[in-house]
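*Asks:* Each chain is listed here by its residues.
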Amino acid sequence: MTTQTGRLPEEILADIQGFITSGYGHLSYAAYLFVQFQDAVLARQWLGRVAPAIMSARSWPIGAGGKKVKPPVALNIAFSADGLSAIGLPQEVLDTFPIEFQEGIARPDRSRVLGDTEESDPAEWEFGGTGKPPIHAVVFIYAESEAGLEAACHAQRTRLDEAAGGVVELSGSMQSGHRPDGDCEPFGFHDGIAQPSIAGIPDDGVPTGEFILGYLNHFQIMPPTPVVPAALDRDRVLSPLANPYHVTQQVRDLGLNGSYVVYRKLQQDVAGFWQFMKREAVRSMGAPSTDRMIWLASRCVGRWPSGAPLVLSPDADDLPSGDRDDFLYRDDAEGMACPFGAHIRRTNPRDVIKPYASGQSLSMSEAHRLLRRARAFGPALFDPAVLTDPSKLAGRTLDIEDDGHVRGIHFFCVNASIRRQFEFVQQTWCNNPRFAGLNDNKDPIIGDNARTDHTSSYMTIPRKPFRVRTAALPRFVTVKAGAYLFMPSLTALRFLAGFRGD
Amino acid sequence: MPLGLIVLAPIRPGEEGPLRDVLRPIGDDIKGRRLQDASARPHIDFTRSRSIHFARLAILDDPDRGPERKRLLYASAFDGDLDGHLTELVAITSGMDAIWGRCEGYAGLAGFGAFIRARVHEPEAFYIAFRNGTVERIQQSIALRRQAEPLLDAAAASPLATILPALSTGDPAWAGVVRRAFSTAGREIASAIEVVIRALPILADLPRAIVRCGFTNVSRGTLRIIASLDRYTLFRSVNRITRNHLPPPTSSYSSVDLDNRASTPVPPSFREDVVTQNQLTVVTAIGAGHADRVRAVLSAIDSYAKRLAPDGSLIGISTIHFVRWLVIDEGRRLMLVSDYDGSWEAYIDEFAELILSGLEAIWESSDGFPPGGARDLPAFKQFLRSHQVPSEIFFSAYPEETVLNILNDSALARACRDMAVDRVGDLLRQL
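Note that the protein sequences, when read in sequence, are chains A and B.
Numbering-wise (our numbering), the first sequence opens with residue 1 and increments by one.
Numbering-wise (our numbering), the second sequence opens with residue 1001 and increments by one.
By construction, these hints were calculated from the structure, which means they are not laboratory data.
Values in this document were obtained by computation on a predicted structure and should not be read as measured data.
Where is the CB? At the ideal position from N, CA and C, for every residue including glycine.
Fair warning: there could be bad hints in the mix.
[As the list claims (entries may be wrong)] Partial pick of chain B residues on the chain A-facing surface, computed with a CB cut under 7 Å:
id	residue
1	L1060
2	D1064
3	N1132
4	T1134
5	N1239
6	P1248
7	T1250
8	L1258
9	R1261
10	V1275
11	T1276
12	S1318
13	S1365
14	D1376
15	L1377
16	Q1430
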């Protein structure tokens, strides 16, 4: 299955943006600047000043104590199709990007597929949506401390000021994210456990071409890549396109060592989620039992709040710590431990995609993996420790009420094909009411539940003697902003900064 | 067993536009946007049918008649016989002349049967997911599941004994008892015999195919299909002995157009991205002299589909309700007519994952097939998209059901009919 054998050489890693290969786990604080280019020449000059500071995937040096010296800040950048156009790339170059990237995330037909309707409709988004100024680029800033983040943001704002109006921040769009205590997402579940590793970084994993352009993908083929006519790359910054089918076309590879990034600001109705679990506990048990609430919520997620997968620990959240990503569903072909409709069983069905054999299922799963780079926003509504240690409740029932603050996650994912990876997972696995032969079930966490133009959707939990089915699910997660972005290689950034369109 | 009908009727010059104007509102109506003045317009009220599984109407090019010429495709799958189907089609259509009258050779309602019969095209390969599934039976099992759902919701812990009678299908109690008596050993033996009897004609298929398509084509085509079946132990051994494997890829690059805007596929018809079921019509030009090669491959698929394929699975693909391949225009063109589940993208991915060498064998003789084969998935998808014809009308009798849902629902219906308490219990755990 693996196509990239051995470690990618340092000079290649030095060309790939670090965001693609690292979640910067040691940098707890993040800020995202959403900017717009007002003037192509000024924007390119700005990019020329920003580019040298962009963090690559190069290995971190080993310090005196034999330990890796991790950088205290990290900076990365990605562009939308509008942004590439505004910085001066001609239409003939934009045409070589995938259609979904060219069109952007906020088109009505795309919104239908993604479930971005009603309260998640791009017309309702805080920024970047329909009728709002388009996002041209996102600057990702990570730092170890709040003070460090503030300093790094200040430095970037200075860069923007230097651009003399050529690059402006979208008003009200500045976003900050953090790595929450215990890595719990706002609903209270340990998150970010299942991450695919990339072949070659440093060793085995999902084929490199699933996440980085210029390498063999799951189908043993190079992913399609955007190109620039050789005449437009007068300084010969980019590599010639190696594709033998297109050698006569005299083009250079703009995509090599780059990737695509999907952004979604996902606001979570934490109180709504737990109040729903409470109502369901009352409905099925006659009383608001905290155990039952946690049991139900865990069935929806597919893991216990600690992150222990249900398939390894179906009855209680008591799995000894260890690798919580090392499991398959083959012993749970009926979904008795982890329901088919559970969030993690939809987003990565591993070895059981009904009705296929395990080899095919694993292969199909591999063709639809995403590298997630999410950060939380907003204050935690409650201490998630009460979910793993109910003694902290001191006998009270879990009763989580809203405090009026907004919270959720900034969801980012990296993939070589937005259509085949992110959109597929969203459409065919999460929002599909017939996934795995289910009836009227959608992803209980991120699904587009409670759509007025669809029949109600539920969460079905296989059980003896009969399955348990929740009441119709409300929508717990609302999309508040989004973008389809291209994250170029450092070489491509130099090309963009030095581009002369005339 | 459901039957299929495929009709190609040349449209009279100048009538393409008016015909589209008639068909589109009918298609929109099936999609749920009820028309205001439906009674005044020509209409085909497929929803009144009790025997049509799927039906579509599409307008295809007719290059043999001229560059501007078009033809009307009508494709359906139905229960009963062709006479009954045509009678029903006439009964549910108001304004027959406004639709069919735009085609050459249509001479009014009286001659409709003869008109259709003269334009029928027989598929080279025809797969039916549920060979014993009538519209009535499928809808009954859906209804039974719908009936069970609220019962289970209301009585989360009540014993099976109270639920089962509520689900019983109205047979007298003794009928269930009798069926149960035969439901174990006897049934298994009977079904084993049935499998053998169904498979046997494969021996006659082979010589027939050789006579039609030539020995070399048949042996080559059959081997290509068997190469697709490598994950089954029996076929894997055959493949190992005959060294029957896909040749290594010629290139690790995609031949897909660099310009994605220029190669933008036809816009998805019928919201094929968001509904449970979708349809696909693809017409490609077969390279000169290759028709028999294609026919041989298709006859191998046809034999497999008719003689060996279990309910709901064509060589492992479980998202197809009906699929037909036809060689039309005296061997010059190949047409795919498919009714499937899920999104277009997922469907093609599944094909590529499961029957790559079969896909290549079917389409490699067609103009525009990517040099890297179906393994060059971006280029293969572009090839299919650029030869896809959107439908004006697409109807399904059970539009919310996937093949997998039908398998589940009919298992429950069968268990209830047989009063197989344990089996019903197993199924209700997951419903």
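*Asks:* Which numbered hints does this structure break?
*Replies:* 1, 2, 3, 4, 5, 6, 7, 10, 13
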